[in-house]
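Position chain B against the provided structure of chain A, taking the given hints into account.
Line by line, the protein sequences give chains A and B.
The numbering of the first sequence is this note's numbering, which starts it at 1 and goes up by one.
The numbering of the second sequence is this note's numbering, which starts it at 1 and goes up by one.
Note that these hints are calculated values from the structure, not bench results.
Not one of these hints is a red herring.
Simulated pairs of lysine to aspartate or glutamate, DMTMM-like, Cα-Cα distance not exceeding 20 Å:
id : chain 1 : residue 1 : chain 2 : residue 2
1  : A       : K56       : B       : E230
2  : A       : K56       : B       : E231
3  : B       : K203      : A       : D140
4  : B       : K186      : A       : E96
5  : B       : K185      : A       : E96
6  : A       : K130      : B       : E196
7  : B       : K33       : B       : D122
8  : A       : K56       : B       : E233
9  : A       : K127      : A       : E6
According to the in silico footprint, chain B covers these stretches of chain A (three or more CB under 8 Å from chain B):
id : region
10 : 43 to 56
11 : 83 to 96
12 : 107 to 113
13 : 126 to 140
Idealized CB from N, CA, C, for every residue including glycine.
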Amino acid sequence: MRQEPEWEPKLLGFLCKWCSYAGADLAGTSRKKYPASIRAIKVPCSGRVDPLFILKALRLGFDGVLVSGCHPGDCHYQTGNYRARRRMAITKKFLEYMGVEPQRIQASWVSASEGGKFAEVITEVTKGLKEVGPNRLFADERDGTEATERG
Amino acid sequence: MKEMEQKLQNEAKALLEQGKVDYIIGFEPGSLKFTTTPLITRDKNDVGRMVIDSFIVNNLADFLTELKGRVGIVAKGCDSRSIVSLIQDNKIARENVVILGVPCAGIIDLGKVEKLIGKDRDELDDIGREGDKVVITADGKTSEFLITEVLFDNCLGCELPTPQEYDILLGEPTLPVVDKTVSQKKIEQLKEMAPEQRWDFWKSEFSRCIRCYACRNVCPACFCERCFVEETEPQWLMPLPRWQDNLMFQVIRNIHVAGRCTDCGECERACPVNIPLRSLTKEMYDIVGELFHFKTGMDIDTLPLMTHYEQEEAEDFIR
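Isolated chain A, as found in the complex (with noise of 0.2 Å):
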């Protein structure tokens, strides 16, 4: 009988085109492990991350997503990552109060130099996504919708 491989979580990852990303470069080239859990996508500026995106892909059927910036007072265009901050903190509260598990929404700040953290809160996320489960949030037996958005 074939063996059933582990379940991996799928991470969706908005990442800051000037820290974060380049963090995961970084991590890259220096041979980091960490598990191949993340989808990564490149946003100008974590400030770019709508709470519509987020939602968005808990609907498609990611397990997690993570939003990740540079750090405080870093940001290239000075003010993004705050923003940034002040919307996921309302998000994540906000979703959490609905029921959503605090483990699916994410945020870190990842520096261009950070491959080691980087490779780091990919880890740690994707445990605290192993101990939620898949995302059966949007899933629907009655009408036999499975967890992404066409079925």
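Just chain B, lined up with the frame of chain A:
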């Protein structure tokens, strides 16, 4: 209330006669018992119909973004904060509104009255207020209840019943009639549930949603000319009212009105399928209060919540 009504009619008439405003927005008696309906007029002969009573539910600030010119508007405590919020967002100019402030004594929830009496609103003869009591007459019999038993949940959580910003105040400032336990009851019940139960609760609530967008249309904070739900490139939401999309719509709507919502309760009242929307908006109201010490519409010079930031603030959730 009668003096306030008289003063309002005089002031509104004067404003129109002197050409200080192009429009007056207020309330007139509705076609059903114990209801009022918004009155928007340019005609000074209409102002005689204007009323102020315990049933002026609507948040009239919603009409401000649709009218051109200078407008005189009747505003309760929560409505005046909605107006200030619109000014902060540059949707209207302060000099174009004349705020006729109503110190609000709370709005009576007819649903609660019907439950207490066990009769339909049409069968009631009178609902009167005497201090902290409400006197209800039906079939020649009168019964008394505490005012806290019949006010809307959001009124019972109201801390600022007297308008914060006004040009003309129509009466003496009032003290809030607060009963936080009743006001927060539904939210507290939800918070006691396990996360999966909470999600299931909202899932079943939003299964009823028909996506009529009444909640959005009645909300003064929902002022976008083109709402994200109407976008087709990309299409964020499927147009079919399935619960998944209904829920997503409401979550995003709540995030968009964060820091603009004044807990006026209009969304919940407008909902034709009785989804407890205030349990969402009030929680968001409390979240921004707790995280950013932000209270909507207190001061016209404050920047909108999501357009500014403090260097040191809530970030314990960030890795």
